[in-house]
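J.: My request is simple: use the sequences and hints to build the entire structure.
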Amino acid sequence: MNVPSPTFDRRTGGPQFGGGMARRGAPVVKPHDMRGTLRRLLDATRGHRRGLGRVFALSGLGAASSVLSPLLIGMVIDRISARESLTFALALLAGLYAADWLIDFGKQWMMAAVGQRIVLHLRVSLFEAMERLPLRFFDRHQHGELMSRLTNDVDNISSTISDSLAQLMVYAFTIVGTLACMLWLSPPLTAVSLVSVALVLLLARTVTRRTRPLFARQQRVLGELDGHVEETVSGMATVKSYGQEQAMIADFERLNERLCDTATRAQTWSGFMMPLSNAINNFGFLLVAVVSGVMAARGMIGIGVVSSFLLYVRQFSRPFVDIANIYNTFQTAVAGAERMFQIIDEEPEPADAPDAADVDDPHGDIVFDHVSFGYDPEHPVIHDVSLTIPAGSRVAFVGQTGSGKTTMVNLVTRFYDPDAGRILLDGRDLRDYRMASLRHAFGSVLQEPSLFEDTVAANIAFGRPDATREQIRDAARAAGADAFIGRLEHGYDTVLVGGGSALSQGERQLLTIARAMLADAPIVILDEATSAVDTVTEQSIRRAMMRMTAGRTSIVIAHRLSTIRDSDLIVVFEHGRIVEQGTHGSLMAAGGVYARMVADQTAI
Amino acid sequence: MRLIFHYVRRHWAMALTAAGFLLVETIGDLLQPTLMSMIVDRGVVRRDVGTVLRWGAVMLAVAAIGAGAAAMRNIYASRASQLIGRDIRSDTYRKVMSLGFDDVDRLQPSAIITRITNDVVQIQNFAQGLMRIMLKAPITCVGAIALIVVQIPEQTSTVAVILALAALLIWANMHVSFPRFLAVQRALDRLGVVSREFLRSIRVVKAFVMEHEERARFGAASRQFADTNVAATRVNATYGPLINLSVNMGIVAMLWLSRAQDAAHIGALMASMNYMTQVLFALNRVSMIVNSATRASASASRIQEIFDCPDEFARRGGTTGDHRGVPSRESGCEMTPHEQTRRPMPRESVHESSHGPSCDPSQGMSRPSSHDETPAVEFRDVTFTYEQAGAPALRDVSFTMDRGSTLGVIGPTGSGKSTLVSLIPRLYDPQSGAVFVDGRDLRDWDVDDLRARIALVAQKPTLFTGTVASNLRWGDPSASDTTIQRAARLACASEFVDTLPDGYDARVGQGGVNLSGGQKQRLNLARALVRGPRVLILDDCTSALDAVTEHDVLANLRSLTGAANTSSPRRNGHDGHDGHDDRMSVVVISQRIATVRSCDLIVVMDDGRVAGIGTHDELLQSCALYQAIAKSQLGGDRS
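Which chain is which? The protein sequence lines are C and G, in order. In terms of the working numbering, the first sequence opens at residue 95 and continues consecutively. In terms of the working numbering, the second sequence opens at residue 76 and continues consecutively.
Hints may contain errors.
Stated by the list, open to error - To spell it out: a stretch of chain G is covered by chain C in this simulated footprint if at least three of its residues, at any positions, have a beta carbon under 8 Å from a beta carbon of chain C; those stretches are:
1) 115–123
2) 175–189
Unchecked claim - Away from chain C, derived, C-beta distances all over 10 Å, residues of chain G:
3) V83
4) W87
5) L98
6) I214
7) A235
8) C384
9) D519
10) R561
11) P576
12) D692
13) L695
Said to hold, decoys possible - Here are some chain C residues the structure puts well away from chain G; computed CB gaps all over 12 Å:
14) K124
15) R143
16) L262
17) N376
18) P471
19) H473
20) E674
21) G686
Hints are computed from structural coordinates only; laboratory data are not their basis. Using N, Cα and C, we set each Cβ at its ideal position, and we do this for glycine too.
T.: As structure tokens, then:
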């Protein structure tokens, strides 16, 4: 007799009963190509599946216990009623239970390791594939979606597919074995037992068909409600200052009421499943009891057969119901695998050409040669731009939001490749360099500061993990970050949590500037790097940067024109085209777009 | 836990009905094997078909009653648990909407959101499980054991030993596995952090060619997760089969001990074995209940924490006493001696020295005629510290802003500019000093009235799901289309709204996802203008606009101040005691000199202190910090 042992549900954090019962009603996602995906999954896990065969074999063996124990118990009962010696039969039963224990233990023990080994392998493969993808891919996909690929989907794939395969194995053997035993014992009683199985299956179908749309609707309403909570709580300052609390509460109550209604209906319907199948089971039990009782009373069967059947009928209908559920979760998991393979199949960043060169101590001569580009080829954002940046010069890109400045920088660092034209570094096409060595040549400070959950020192040393504490300090001092780091609780060893949410935007920017300073790259790119820093601090960063960039090529994008007026070359962009270029003096004298922008900013 | 039962009590009739039906259902289930033993012992063994059928009918009736009870229990339990969830959710949300910002800051908005969404669901699931199956477990346990004892009294001790052993194993399983599953949870959190950071920082990772290191980081987190998982799963792999084994061996023992059993009691033996498995099932369920209760009570205490916060003004109300009845107006210059008496320490800061002299001229010069008017906003000696911060964000801030004037606030990052203006609509209360709007202490205002006359446009724009028009109508639900369009025009928002496919009826996604930063900022500003506020506060809210647009917006706003009140959009009728004068006053926060230079009065903030007050020209003479800022921004021009 097997009782489901508690298994752990990772998402909710506690032991729960396994089996498909709990999952009924969850939306089923069907894979597009079940067979192909399974075959790929087999390929992808090759070499990491060791032990899985043994687990399946043990699962098959494990079914023997539930098939044979009622038979043996029947035997024992027969002997008790006939007053024969029990020793042999009981020894068999005890042996069976002991074997069942060993098999079950061995199966679960091995399964834990095999399953996790497969998960680990799939997860790391997926991550590596993701890492090689070009930025275009990340532009197109939401982070939350990719997150769930890396965490939930992978877990589901392996645990569901291996668990449910093992479970299917058990059930298949159980059903076939039980059926065979029952037929052997008494064909008419077998027919009676099947009545309740048929009824339970019918019930499961009806309930599932009823609840699936209800659960889908519940999910939708819940999503709306969560969305409402999220936006009103995070926008609470606005809600309060506009005195909209009551209106928001009214909206919330409306959604809450709707959720309560749909959820009640969904829960009630799915809740009928358990008591009704229970009732059917009882009914089947009763049917078998009465029929077998009558048969036994007439001497057609022995008392042992009665007790065996009474035990069989209890455990017979459950596998049928569960198989349907297992198949559903199996499908959902395969669909998850399909989504994983979609990511793995994405075109990675172009590989280095076989004769690709290293960027070795570059001069920093950059030439844009009739470059056109669009994030989406239909809508170009850079139109046929040609520009020469002489080695060692300080260049500033200015222009309105969306005029293509950041895109230009993205092209230089080869986050994207131009659709037409080419970009040359020291006279050589960027595509002829090794990607890694090319990117090492650039020290970038990007618009959005990215910090990691690690110490301040490690964050600054990102890009140069071998830097000494002294070098890190120097870089921080140069960036003007030393002072506020000193005020943090553990100084440079303070661990930043939540992307540095305890720091102000300006302080986060200072850290990323320090990071770029430490990287000490031959070509420096500052994309709005100081936009959140006050202008006085900005000045001191500028001075540090000037020292750093002396003799190096640098490209600066800035909203505040005051910060770039001493650049060697100012390039003005408008709608993806260069409309003016020159020094501050020459552009002011020309009285064009730039001069107008300066006038707008300095005087209102 | 108290919280949960409080809500259960609210729907006690329904919950009790559910529990009653559950009891009937459980008893029905428990009776089945006993009835079966009757069939076997009295019918089958004696070969009496009539008895078999008679007891069969009884059994069918019991099963039918049980099924009926189960169905009713299901209806009541589902309804009751959903109602409980709805009530908790609703009360929590209402409470959150009434919280003060000090508590919101302390609890963190993202944590509050999780509480309303996840934690309530946890409690609801618990309540549902409680009424659905959990109560069943103890009843089954007790009932089944009792029935075994009744059926085969001579084996009571065997049963007791087996069950004690199984219970011990279940307890040990929970005890050993719980910390391991906590470790799994922590490893999972870490994996989440690493993945999220990777996705967010993909540009930096690529730019610094750190793919290799990231892979190592991710690999380590994944491995950690896999290892903890294996360790935790193996605990269950050890105990689960062992628990099964103990009960199975118990059955063998029972059979062995019954070898001399009277054949007439075979049915009783069979029923007892059935009860043994039922008890095991129930024991397992008890361990599930304990787990689920632990989780639910953690959720409940997180929600309780929200309920325990005082309402927005309940806590601060007590401090108002000594401020009531303070004369509503003292002129700026009379204030200075008044301050001195209250605070004997003479000011010594370098910046402060510019305060004294500039105080008088600035007020006099900028708008001499307004001297006898009630000022729009006044800060007196305001010191404010955020709840968990060590140092005050504002120290002894005092200034006066005339009605219909413009006030610029400038200063470095973190100098207290945003904090300063967040005190005006009373989002926070200062620890000492007082803030006055229209000459009245904020603590004497009805908060709704106060906020109705102030519009604060925050740095980070917030929009809500709906349409462009519905967002703008936040300012005034009854605003006409023309009012809205006019406000949009003034905020330079009409130019892009008009190009949207549905114009003012265009959908705005959650948080305004489908709009650019600059567009969101302009809509926020337009929303504030729809309100027709007396005091408009712009907290660096034009940062995403290009210089030309920003210039146009500020010029439009300027036209609404001073005597030009006629051009302001329709206002709603919060007239109060001085409704005859509805000139709008504007506070502008910026880091840019160009933005504030033409304000009637400029306050220079530095590390929470006022470093200087005056007009642009005065400050260029008197305030060192202002000079530094100006030099950094206008440098070349002023040489």
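J.: Could you tell me which of the numbered hints above are not met by this structure, giving the numbers in increasing order?
T.: 17
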